[in-house]
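Take a look at the letters that make up each chain.
Protein chains: 2
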Amino acid sequence: VKMKEVRVVIVGFGVIGRGVLQTLREKQGFIRGKHGVNIKVSAICEIDGSVISNEGLDLDKVLDKPLNKNKFWTDKKTRDVIINTQSDIVVELTPGNIKTGEPGLSHILTAISAKKHVATSNKAPFAVAYKRIMDSARKNKVSVRFEATVGGAIPIMNLMDECLSVNKVESAYGILNGTTNYVLSQMSDEGVELDSAVKEAQQLGYAEPDPSYDIDGVDSAAKVVILANALLGMDVSYEDMKVTGIREITPEAIDLAKKHGFTVKLVGDVLRLEVSPRLVSVDHPLNVSGSLNALMLNTDVAGDVTIVGRGAGSRETSSSIIADIVTISKEL
Amino acid sequence: VKMKEVRVVIVGFGVIGRGVLQTLREKQGFIRGKHGVNIKVSAICEIDGSVISNEGLDLDKVLDKPLNKNKFWTDKKTRDVIINTQSDIVVELTPGNIKTGEPGLSHILTAISAKKHVATSNKAPFAVAYKRIMDSARKNKVSVRFEATVGGAIPIMNLMDECLSVNKVESAYGILNGTTNYVLSQMSDEGVELDSAVKEAQQLGYAEPDPSYDIDGVDSAAKVVILANALLGMDVSYEDMKVTGIREITPEAIDLAKKHGFTVKLVGDVLRLEVSPRLVSVDHPLNVSGSLNALMLNTDVAGDVTIVGRGAGSRETSSSIIADIVTISKEL
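Protein chains in written order, with my numbering: chain A, 1 to 332; chain B, 1001 to 1332.
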């Protein structure tokens, strides 16, 4: 196999962006050996500027300090870098606004129009404008891969495309938010109230200072939208979702469920476009504890397949992002 | 995408062989549309003869009756058909002897020497001669894919190759035999003795008249051998395994485990080349009930990923076999 050189532009130098670059640095030799792909980073963009190198950035130097302290730092805007830097793939890793999809939506559409392939962990653009993105990708004949947008390290879209490739998904159910799963697990194991479990999750860094995005089911619902489009071929966006979070769940309710062999989980029902607390039998594959995520796929040939793993974490999530980069690279 | 025509020879017209042909017939249009591959069956072989058609067999007619009642039936031997029928892929679906690997081992090596790619569900050849098969495949520049040999419908090898493609597997633990898992689940749920749970499994068709292959851990151990070679890059065969089955497990032992929050499972430990009954915490992802199979992969980037599904069943298993056929076809 002859080595293929692939250039990527990284957009977003936060926790996820740094995680991807750290894993890329660590795994560069492995990826060359196993997949015959040599990944070079031609640029990294943040809101206040970029670093660019057509020969490929030295990742040791870049990771050493904040982006704007890198000596090759310029104030070039992301849009300009996406369009004008020599690259094959734009890797979009910014945090997204679930209402507008921005700034990721513009980055992704700009990249597609510039005939760049896209790999991303940013769920907001897909929760808002899935069809618009995919139609544009088809028109411009580029690949858009978004494995990391749902379930972090857990392969879902690639699992269906590459492994369960003769199957049709008939329905799917998921535990898609690690924070709420941690909170519910703590309430069940320790018998504590929601508020104190949330506080603990915040102390451990699982929950944001404002936990409503997780606790009210917004994050789970955005992921269900993506799965409904990608797995079930629907054409839906966030506003089509029925969403109930876990604020009303009490330790007493969980206790009662437990007595009958059930546990309470925040379940995303992909076919019904619904996120809500549901009873899950304790020996059901979706009964996963702590901050784990899980997805059960009901398929027409393989039957039910459930996959469980880490739904967050910058290192874990980089597994999905870089797998998408490798898959696109092999198709080039 | 232009349509690619691929010819396969099916070796083995038992439950699995019929299942593959039924699924192929049902899914032919889907596979053409989604993957651009038109799969034609040029021959089907059984121990007492074959049916052959260079234009592709009519699956309706073939599935209608036993093989030797098909009007195009000939007494050509399998070896002859593998070598001399026009085909790209040999699909080996015979039952195998775990000591010798035969007759599948000869079929597979014959196919490889004849420069045919191989897709198979037959674990015996790989438990006996993994390295020999793979070395020969490399020398003859053909693909050998064996997803269905472990975990039935559950993607494992393809999951690592295609989805977790930047990861190294550090260790893996599996519930790899549905019969023993059903027996242990029944003992736990109903408090019955092993013998009566085995009898029930036999009545339901989960267990063979002689259940020792399952109950004594032989089947699980053969699968661990394959995973050790394929996932961990070892060079081992069945004789390297340490195997303890579930004959000594009592309902009392299971009850005691339950009181402490554990369940008893027959676990395959891939790194340690061991199959033995182990305590598994009730909220561990490997605690799957009934006849389900599960595999936990400890990976270096994605962390722990667990996949759960049907380890047997001719329809479910055909999902893995046909996915392998499609993957090979795309590489042609």
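Everything labelled a hint here was simulated from the structure, so no lab data went into it.
Just to be clear, a hint being listed does not mean it is correct.
Said to hold, decoys possible - Okay, the calculated beta carbon distance ranges per label pair:
1) B:ASP1189 with A:GLU170: 40 to 50 Å
2) A:LYS2 with B:SER1143: 48 to 58 Å
3) A:LEU232 with B:PRO1095: 29 to 39 Å
Claimed, not checked - In the SDA-like style, the derived pairs of lysine to any residue whose C-alpha atoms are separated by at most 25 Å in a straight line are:
4) A:LYS168 with B:LYS1259
5) B:LYS1034 with A:GLU170
6) B:LYS1258 with A:ASP283
7) B:LYS1330 with A:LYS258
8) A:LYS258 with B:LEU1279
9) B:LYS1141 with A:ASP300
10) A:LYS330 with B:MET1003
11) B:LYS1034 with A:GLU331
12) A:LYS168 with B:LYS1168
13) A:LYS168 with B:LEU1232
14) B:LYS1259 with A:VAL282
15) A:LYS258 with B:VAL1192
16) A:LYS34 with B:MET1003
17) A:LYS330 with B:LEU1232
18) A:LYS168 with B:PHE1030
19) B:LYS1168 with A:HIS35
20) A:LYS330 with B:VAL1192
21) A:LYS258 with B:ASN1287
22) A:LYS168 with B:GLY1029
23) A:LYS34 with B:PHE1030
24) A:LYS4 with B:VAL1142
25) B:LYS1141 with A:MET3
26) B:LYS1002 with A:ALA137
27) A:LYS139 with B:VAL1015
28) B:LYS1168 with A:GLY33
Note that the Cβ used here is the ideal one computed from N, Cα and C, for glycine as well.
Right, here's what the structure says about each hint:
1. A beta carbon spacing of about 28 Å between ASP1189 of chain B and GLU170 of chain A contradicts the range 40 to 50 Å that was offered as a hint.
2. Look at LYS2 of chain A against SER1143 of chain B: about 19 Å separates their beta carbons, and that is not inside 48 to 58 Å.
3. A C-beta distance of roughly 37 Å is found between LEU232 of chain A and PRO1095 of chain B, which places it inside the suggested range of 29 to 39 Å.
4. The suggested pairing of LYS168 of chain A with LYS1259 of chain B is violated, with an alpha-carbon distance near 41 Å, which exceeds 25 Å.
5. The hinted pair formed by LYS1034 of chain B and GLU170 of chain A meets the criterion: a straight-line CA distance of about 16 Å does not exceed 25 Å.
6. A distance of roughly 13 Å separates the Cα atoms of LYS1258 of chain B and ASP283 of chain A; the hinted pair therefore holds under the 25 Å criterion.
7. Pair hint LYS1330 of chain B plus LYS258 of chain A does not hold up; C-alpha atoms about 49 Å apart against a cutoff of 25 Å.
8. At roughly 22 Å between alpha-carbon atoms, LYS258 of chain A and LEU1279 of chain B fall within 25 Å of each other, so this suggested pair holds.
9. Proposed proximity of LYS1141 of chain B and ASP300 of chain A is contradicted: the alpha carbons are some 34 Å apart, above 25 Å.
10. The straight-line distance between the Cα atoms of LYS330 of chain A and MET1003 of chain B is roughly 20 Å, inside the 25 Å bound, and the hint therefore holds.
11. For a cut-off of 25 Å, the pair hint linking LYS1034 of chain B to GLU331 of chain A stands: about 16 Å separates their Cα positions.
12. Of the pairs offered as hints, the one joining LYS168 of chain A and LYS1168 of chain B is violated, with about 29 Å between alpha carbons and a cut-off of 25 Å exceeded.
13. Our distance criterion of 25 Å between C-alpha atoms is broken by LYS168 of chain A and LEU1232 of chain B, whose separation comes to about 31 Å.
14. Of the pairs offered as hints, the one joining LYS1259 of chain B and VAL282 of chain A holds, with about 15 Å between alpha carbons and a cut-off of 25 Å not exceeded.
15. Note on LYS258 of chain A and VAL1192 of chain B: the hinted pairing holds, with a Cα-Cα distance of about 24 Å set against a maximum of 25 Å.
16. For a cut-off of 25 Å, the pair hint linking LYS34 of chain A to MET1003 of chain B is broken: about 29 Å separates their Cα positions.
17. Taken as a hint, the LYS330 of chain A and LEU1232 of chain B pair is honoured in the structure, with Cα atoms around 24 Å apart against an allowance of 25 Å.
18. For the given pair, LYS168 of chain A sits about 9 Å from PHE1030 of chain B by alpha-carbon distance, which is consistent with the 25 Å threshold.
19. A C-alpha spacing of about 13 Å is found between LYS1168 of chain B and HIS35 of chain A, which places the hinted pair at or below 25 Å, so the restraint holds.
20. A C-alpha spacing of about 54 Å is found between LYS330 of chain A and VAL1192 of chain B, which places the hinted pair above 25 Å, so the restraint is violated.
21. Distance restraint check for LYS258 of chain A and ASN1287 of chain B: the Cα-Cα separation of roughly 17 Å lies within the 25 Å cut-off, and the hinted pair is therefore satisfied.
22. For a cut-off of 25 Å, the pair hint linking LYS168 of chain A to GLY1029 of chain B stands: about 12 Å separates their Cα positions.
23. The suggested pairing of LYS34 of chain A with PHE1030 of chain B is violated, with an alpha-carbon distance near 31 Å, which exceeds 25 Å.
24. Simply put, LYS4 of chain A and VAL1142 of chain B have alpha-carbon atoms about 22 Å apart, close enough for the 25 Å limit, and the pair holds.
25. Annotation: proposed proximity of LYS1141 of chain B to MET3 of chain A holds, straight-line Cα distance about 19 Å (limit 25 Å).
26. Our distance criterion of 25 Å between C-alpha atoms is met by LYS1002 of chain B and ALA137 of chain A, whose separation comes to about 20 Å.
27. Distance restraint check for LYS139 of chain A and VAL1015 of chain B: the Cα-Cα separation of roughly 45 Å exceeds the 25 Å cut-off, and the hinted pair is therefore not satisfied.
28. About 13 Å separates the Cα atoms of LYS1168 of chain B and GLY33 of chain A, which keeps this hinted pair within 25 Å; it holds.
Comparing the model with each numbered hint stated earlier shows that hints 1, 2, 4, 7, 9, 12, 13, 16, 20, 23, 27 do not hold.
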